[in-house]
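2 protein chains.
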Amino acid sequence: MIEGRHFRRDWSSGYDIGRKAAAQNLADAAAMGAVPTAIVVGLGLPADLPVEWLEALTDGLRDECALVGASVAGGDITRCPLVVLGVTVMGDLEGRAPVLRSGARPGQVVAVSGLLGYSAAGLALLEKYGGDASGEAVEVHRRPRPPYASGPEAARLGATAMLDVSDGLVQDLGHIAAASAVGIVLDPELLRAGDAVVRAAAEVGADPLDWVLAGGEDHALAAVFPSDICLTPGWNVAGRVVEGEGVQVAGRVAPARGWDHFGPDMS
Amino acid sequence: MIEGRHFRRDWSSGYDIGRKAAAQNLADAAAMGAVPTAIVVGLGLPADLPVEWLEALTDGLRDECALVGASVAGGDITRCPLVVLGVTVMGDLEGRAPVLRSGARPGQVVAVSGLLGYSAAGLALLEKYGGDASGEAVEVHRRPRPPYASGPEAARLGATAMLDVSDGLVQDLGHIAAASAVGIVLDPELLRAGDAVVRAAAEVGADPLDWVLAGGEDHALAAVFPSDICLTPGWNVAGRVVEGEGVQVAGRVAPARGWDHFGPDMS
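So the sequences go chain by chain: C and A. Numbering-wise (my numbering), the first sequence opens with residue 14 and increments by one. Numbering-wise (my numbering), the second sequence opens with residue 14 and increments by one.
Hints are computed from structural coordinates only; laboratory data are not their basis. Heads up, a few of these hints could be off.
Simulated restraints, written as ranges between beta carbons of each label pair [claimed, not checked]:
1) C:80 / A:241: 45 to 51 Å
2) A:59 / C:109: 37 to 43 Å
3) C:80 / A:152: 29 to 35 Å
4) A:64 / C:169: 46 to 52 Å
5) A:61 / C:86: 34 to 40 Å
6) A:76 / C:80: 47 to 53 Å
7) A:259 / C:86: 26 to 32 Å
8) A:152 / C:240: 57 to 63 Å
9) C:169 / A:22: 19 to 25 Å
Ideal placement from N, C-alpha and C gives every residue a C-beta, glycine not left out.
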């Protein structure tokens with residue numbers, strides 16, 4: 014996580030950034046079907062950073078880890094012109110094989126657990142109103158709410174491919190499609206935007222479904238299950254796996270574009 | 014590792030920086046008595062970085078890992094105004110308990126394995142002559158040579174405390190002294206500077222023993238053993254553990270100061 018690219022210190026507190034940095038990584042472990050157990054954190058910090066900011070950051074890291082019973086096991090710290098965080102997560106697969114991206118097969122169903130579009134909606138509000146923006150979407154942008162338990166649950170249910178939605182649903186499912194040599198068709202009727210996303214879209218004049226399909230950083234989980242699956246309540250069907258390649262959204266011409274890791278920085 | 018602080022792209026190639034980033038972390042695992050098995054790497058890279066530079070970096074990471082049979086298991090990449098690397102290492106303790114910093118007891122001997130002062134000498138030559146500087150000390154500055162096998166070997170021999178010398182021998186042994194609530198006395202007669210260090214010191218008008226005592230980044234290993242230890246050839250006695258606190262160098266008034274993680278950047 015790079016200051017000015019993944020966060021702004023005037024839009025998020027040190028505590029928020031700690032929560033988010035931990036959440037992104039804990040979600041990664043959950044998305045392989047693991048129970049996250051520990052993170053290690055490498056920090057680069059400006060010499061004039063207030064020590065209270067650093068303490069808030071470490072509080073945030075610790076509190077997010079505590080949600081899943083994980084701990085901050087160690088790390089390293091050095092001076093850097095801007096705040097940078099590098100987090101590595103360890104997890105326990107509890108004897109199961111990891112759920113990879115390559116296990117999707119035509120005929121299976123695609124399901125999603127967690128919020129979609131909230132973080133992008135919150136970012137749009139922050140860009141419009143600055144750090145005074147508020148509401149649930151802004152809260153989720155600052156502190157994502159990955160559905161941690163849904164990862165191991167999906168693995169136990171028999172998910173054959175899974176990932177967390179960090180760059181946008183269409184773009185991330187594209188990784189499963191490519192790794193599995195299949196196509197994926199999403200049904201927008203099954204991907205209704207949440208109330209906070211709809212409200213934010215009205216405020217800034219955006220299409221809420223764009224954020225649902227292409228907004229990153231919510232760290233929802235997306236997984237592929239056998240077609241006869243009996244899904245638990247945390248999971249909702251969003252589409253199906255087909256022969257072919259790429260991700261289509263039924264009824265929409267071009268899938269919206271997600272996060273570009275080498276695109277422009279935050280405004 | 015932060016560009017401009019831990020390396021300069023005009024003084025080190027991408028390949029060198031990859032070797033060094035891996036070496037620092039593999040040495041950390043060895044210093045707990047583990048055989049390093051894998052690293053994961055988080056990269057922040059400027060958008061205009063030549064792709065050849067990135068390829069050389071990953072070659073360097075891979076080749077250094079290959080020295081110990083480890084692999085680059087994964088990582089992440091994003092845009093950043095300057096090159097930053099965050100590396101996490103995993104290792105196999107082969108059933109042994111990790112060797113910590115807190116196990117030193119008065120009466121034990123302190124021993125060192127690997128080079129001391131070379132990297133600091135090489136840095137001084139680079140600062141004097143720029144990127145055209147050459148010789149063994151410069152080579153070691155660019156690509157440290159940690160004595161990887163000495164770590165698990167020391168653990169098998171019965172080392173009760175160990176670390177790798179990343180910030181300077183006196184400073185790093187200070188961590189063992191503090192964690193173990195003991196003092197350490199080093200014998201400078203047992204810490205003779207290598208030829209390349211002596212030559213570099215003459216060229217820039219420095220004291221070679223200063224570099225041996227305070228120069229970081231060689232990633233030598235320093236360990237504490239029972240006094241009746243029979244050391245293998247890779248290890249050399251350098252001092253002893255005493256009652257008290259801190260690290261003294263016999264015959265010298267003030268121990269030289271090592272690397273300050275919040276001190277100034279490279280010139």
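For each hint, the structure was consulted:
1. C:80 / A:241: 45 to 51 Å: 50 Å, holds
2. A:59 / C:109: 37 to 43 Å: 40 Å, holds
3. C:80 / A:152: 29 to 35 Å: At roughly 48 Å between Cβ atoms, residue 152 (chain A) and residue 80 (chain C) fall outside 29 to 35 Å, so the hint is violated.
4. A:64 / C:169: 46 to 52 Å: 42 Å, violated
5. A:61 / C:86: 34 to 40 Å: 36 Å, holds
6. A:76 / C:80: 47 to 53 Å: Given a distance of about 40 Å, which is not inside 47 to 53 Å, the answer is violated.
7. A:259 / C:86: 26 to 32 Å: 28 Å, holds
8. A:152 / C:240: 57 to 63 Å: Since the Cβ atoms of residue 152 (chain A) and residue 240 (chain C) sit about 60 Å apart, the hinted range of 57 to 63 Å holds.
9. C:169 / A:22: 19 to 25 Å: 48 Å, violated
Hints 3, 4, 6 and 9, counting from the list given before, are not met by this structure.
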